[in-house]
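Asks: Order-wise, the sequence lines are chains D and W.
So the first sequence is numbered by our numbering: it starts at 1 and just counts up by one.
So the second sequence is numbered by our numbering: it starts at 200 and just counts up by one.
Heads up, a few of these hints could be off.
Heads up, incomplete: computed chain W residues facing chain D, CB under 10 angstroms, no partners named [to be verified]:
1. Glu207
2. Pro214
3. Met218
4. Leu483
For lysine-lysine, the following DSBU-like pairs were computed, each having C-alpha atoms within a straight-line distance of at most 35 angstroms [what the hints assert, rightly or not]:
5. D:Lys138 x D:Lys66
6. W:Lys366 x W:Lys382
7. W:Lys366 x D:Lys66
8. W:Lys382 x W:Lys360
9. D:Lys66 x W:Lys382
10. D:Lys66 x W:Lys360
11. W:Lys382 x D:Lys138
12. W:Lys409 x D:Lys138
Counterexamples of contact, computed for chain W against chain D with all Cβ distances above 12 angstroms [said to hold, decoys possible]:
13. Arg205
14. Leu221
15. Leu400
16. Ala439
17. Val443
18. Arg471
Because the hints were derived from the structure by calculation, they are not lab data.
Cβ coordinates follow ideal geometry from the N, Cα and C atoms, glycine included.
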Amino acid sequence: MSEPSRAEPDDASFIRRSRQDPEAFAEVFRRHAPDIKRYVTRRLGADAAEDVVAETFLTAFRQREKYDASRPSARPWLYGIATNLMGRHVRTEVRHLRALRRTGVDPVTAAFADRSDDRVTAEASGPRLAAALAAMPKGRRDALLLFAWEGLSYPEVADALGVRVGTVRSRINRARAQLRRELGGTDVRSAVSEEPVHE
Amino acid sequence: MNEMTRLERFRAEVPRPEMTELRREEQRLRAAMLDPSPGRTRRTGRFRLAAAATAGLAAAAVAAGLLAVDTGPERPAVVHTMPVAHVELLQRAADAAGRTPELHPRPGQFLVYRSMTMNPVESNTEKGHGRYLSSERRTIWMPVEGDSTHAVLESDVLPPKPYPGEKIPPEAYREVGHSGPSKAADFDRTAEWLRNDYAHLSRLPTDPAKMYEHLYAHLGTGPAADAQAWQNIGGMLTEAYMPVAQRRALFRAAAAVPGVRTVGRAVDAAGRTGVAVSLDDPGLGQRDEYIFDAETYAYLGQRSVVIDAARAGTPVGTVVASTAQLSVRVADRAPAVRR
């Protein structure tokens, strides 16, 4: 289809251009690498993230011929590649989650610990969230975190993971039920300290 | 605070990095960009019809193997010597090439192609996921010399048909209707050696061995290179017209592409049955066919059929796309473009 002229061309037009002019792909990196780096870091920790992010963009660059140019945003595509590559690091991911559940100390955020006040809130339910995340099948975790952390819509998650929207819906529903079960259980402490009375 | 809010806050202290903190990742990408081996030049859309993809909704033609491992022929270019031609159907098509009346377009004129395309479309909306078959009837005015930014396109999207065994999603009907005449493309970055305007095609070699070299220009060796050469042939047949001497050379060169075989019977997008020559594209898990009339050997159209369900993400035998070239004629001018 013809390209509408507008101030900010979409990802598809840079990818298409990069087929003749590889340099154009740098724009795709500039737009999406920060978000993807944060996402991968949040899941795997800083050590594994650098490699996964570099590989994600190398893979995307090599597959740019196959990109469906009728999709304006490259986000689902890139998150899909990153998700595939994170599959090699499942053990690292689960090991970190289990460590957090066991010790209450999160190996992933230790390096960033002094950055934010969110930490205080997050810490209380962290070990139990970690337990629930570690216990779910990877596909379920993939769908849940793309939706909750990255704000992908259900169709975008479906695109990224190469599954149908119905599958995404059921994966996320099950994942949420798992979280609720884990959080809603026995820990009175967090219910008291976190739940504002007027909520 | 519900579980989703808690999850959102989980590890939220991990910061979004600045570009300066992504320097090592960027360097690795830049190194790949500078790799001297030529990139592939597979064009947008399987059959490189400008504006063939269905726009709107969250619809997109089924992208076979979107995340498939790349098998691209990104190797240094090598000299390709044409092997012995082995596909008789293409030899006969070459022999028959001179029997139809020849067009002689002049600079400044247009070649007008009428064609049909059929693509499965996947649509994802809030209500769910659906698949259907979308057909389009189109007319394109291509300049005798110059790229598709100078071409004019008029098209009719026909009522959707069901994907085998599935219901047509309601949004499919929104695409139906007439569009154009409008500019066919706002930019065209087709590589020089892949141009398919008449002026360019008439300058190609008339010797089959030289044409074979042309088809493999900038390609490596092996099945992926053969698949790309086969695609290049499609580019020269689809919404393109070449003098009879070049057409003959093209068919004879195509007959020598390793792996090409004859398919007994194939139906084009207009429902016309012919005989086809086909090459498997292992990277995409499909075979790409060029269909010819069984008696006159006139070129009818193209078709892609799934041969590897896992790769293509669709059952074996599914027709992933098809086209039909209905007519070609010469016109002095293209219709005025509607803004």
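Asks: Does each hint fit the structure? Answer for all of them.
Replies: Here is what the structure says about each hint:
Satisfaction of the interface hint for Glu207 of chain W is found here, the shortest Cβ-Cβ separation to chain D being roughly 6 angstroms, below the 10 angstroms cut-off. Taking 10 angstroms as the C-beta cut-off, the interface hint given for Pro214 of chain W holds, the closest approach to chain D being about 6 angstroms. The closest approach between the C-beta of Met218 of chain W and any C-beta of chain D is roughly 7 angstroms, which is under the 10 angstroms cut-off, so the hint is satisfied. Below 10 angstroms, beta-carbon pairs count as interface contacts, and Leu483 of chain W has one with chain D at about 8 angstroms; its hint therefore holds.
For the hint pairing Lys138 of chain D with Lys66 of chain D, the CA-to-CA distance comes to about 26 angstroms; that is within 35 angstroms, so the pair holds. Taken as a hint, the Lys366 of chain W and Lys382 of chain W pair is honoured in the structure, with Cα atoms around 34 angstroms apart against an allowance of 35 angstroms. Restraint check for Lys366 of chain W and Lys66 of chain D: satisfied, since their Cα atoms lie roughly 28 angstroms apart, inside the 35 angstroms limit. Between Lys382 of chain W and Lys360 of chain W the CA atoms are separated by roughly 28 angstroms; this keeps the pair inside 35 angstroms, and the hint holds.
For the given pair, Lys66 of chain D sits about 25 angstroms from Lys382 of chain W by alpha-carbon distance, which is consistent with the 35 angstroms threshold. Simply put, Lys66 of chain D and Lys360 of chain W have alpha-carbon atoms about 26 angstroms apart, close enough for the 35 angstroms limit, and the pair holds. The hinted pair formed by Lys382 of chain W and Lys138 of chain D fails the criterion: a straight-line CA distance of about 47 angstroms is larger than 35 angstroms. The hinted pair formed by Lys409 of chain W and Lys138 of chain D fails the criterion: a straight-line CA distance of about 53 angstroms is larger than 35 angstroms.
Not every CB of chain D is more than 12 angstroms from the CB of Arg205 of chain W (nearest about 5 angstroms), against its label as outside the interface. For Leu221 of chain W, the non-interface assignment is contradicted: its Cβ lies about 5 angstroms from the closest Cβ of chain D, within the 12 angstroms cut-off. Every CB of chain D is more than 12 angstroms from the CB of Leu400 of chain W (nearest about 20 angstroms), matching its label as outside the interface. With 12 angstroms as the threshold on Cβ separation, the claim that Ala439 of chain W sits away from chain D holds: the shortest Cβ distance comes to roughly 19 angstroms.
The Cβ of Val443 of chain W lies farther than 12 angstroms from every Cβ of chain D, with a closest approach of about 31 angstroms, so its non-interface assignment holds. Non-interface call for Arg471 of chain W relative to chain D: holds, since the shortest CB-CB distance, roughly 27 angstroms, exceeds 12 angstroms.
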